[in-house]
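Chemist: The lines below spell out each chain.
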Amino acid sequence: MSSMRTPLKNVRHLGSAKSGAEHFWLQRVTAVANLFLVIFLLWLVFSLAGADYISVKRTLSSPLVAVPLALLMISMVTHMRLGMQVVIEDYIHGEGCKIALLLLNTFSAILVGATGIFAVLKLSFGA
Amino acid sequence: MAEAGLERKGAIARPTSPHLQVYRPLINMVMSIMHRITGAALYFGTIVLVWWLIGAASGPEYFDYVNSWLGSPLGLVVLFGFTWALIHHLLGGIRHFIWDTGRGFDLDTVNLLSWLTIVGSVVITVALWAWALLSRGII
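Same order as they appear, the protein sequences are chains B and V.
Okay, so the first sequence: first residue is 1 according to the numbering used here, each after it adds one.
Okay, so the second sequence: first residue is 1 according to the numbering used here, each after it adds one.
No lab work stands behind these hints: they were computed from the structure.
In the EDC-like style, the derived pairs of lysine to aspartate or glutamate whose C-alpha atoms are separated by at most 20 Å in a straight line are: (1) 122(B) to 64(V); (2) 57(B) to 61(V); (3) 57(B) to 64(V).
Next comes chain V alone, as it looks inside the complex (with noise of 0.2 Å):
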């Protein structure tokens, strides 16, 4: 019973896997954490799209409001974050699908995918903000 309880604590030392800073990072690997990682912001950028739907709903003082918290300097920031993010898990999303097709599980297509995913989400990132900064005459 006493063994029981200690196991129950987790006072018994059991083998544990190598952490994260042991391996030689690679491109899947990077790609794998950056997915949850983006996922995770997401959480909070799906926040800050409720919230700005809720500026909308409340009238044109708020929405006021809300804009000028989005629209300035550090707004956008997390708004390009956000776009990137949300692009990021898009395309990496798209990559879980065609692995989960039993597909696209050897090493050179591994690779391929991973630096799709990232080369692709800043690519359509910046491509999207140049065209909507670049259309209303901003830059």
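Bound conformation, chain B alone (with noise of 0.2 Å):
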């Protein structure tokens, strides 16, 4: 018997969601790497508390740890904007506001990225 629906039934492209699964994949991909790099920071942190300036610096600009430590900025700050964003989608109604605060959460999120990168390179390769 043939069908008296029409092609319309099916969702377009990524209809009114406008995304996949990227966003649930991205957060999932963001937390295994941070589940081993939070780990190194955790073992890193506790082993330079209260330890003096030039052995922290000496520390932090070898390649073993700055190279986790700038790979830890990328991942982690991925991992918290895509958190962040679902936490503001879910309690701010406001469209305006909504939009505001999710820009607000993306540039906030890169300059919090971009500055431990540039500290990390810093301390390895300045002065």
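Two chains, two frames, a set of hints: combine them into the complex.
Modeler: Below is the structure:
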């Protein structure tokens, strides 16, 4: 029996959600990265707590520390931007306010990440 | 058209779900809420971490200034809370990884994983701080 349904019953492209599973998946990918990098961070800060400036600088400028630290910055700010985005979308209902906060969230996550990476690079390459 | 305008402004009363305070708190619900709160708090914890890195990158004087804040009683409370939030969110994340595989959704497992998150996060945080303070002879 031939169907009387038209192709309009199907969602076209990504539908009203405007996106697919990228958000969910990127949150998981960065979570896996963070799991390892945060354990590394805890080891790092707990071993450096109370240390003098010279040894802190020497440790942070070692490639074995600087590279994971820079990677952590990327993974962490990506993860926290996605998380805060959901919180904003859940609780802020005014469209204008929501868009403003989502922009602020994106910009501040990038600012924090870029500042952190700048500090790590300066420790390795700076005077 | 007028109706569409009203709807857009949210003037039509739509049925809403009961709010949080209606429910008796259950451990999985409390852990879910705490996962979100710790996540939001870690947003600001990351700023503290970056501040410390900037301090280290800026030279001994500014590094000492940053450390004088972080080493103050208030700073230590913030850092302790930061440690706990990080570990709590990390353990909660592992719980979510287990659930992402489709396993662990029976009530006993849900409750066990939730209790492990809170108990584990407190035990690990206290153990880390105790080790850090004891090994430096502070306590």
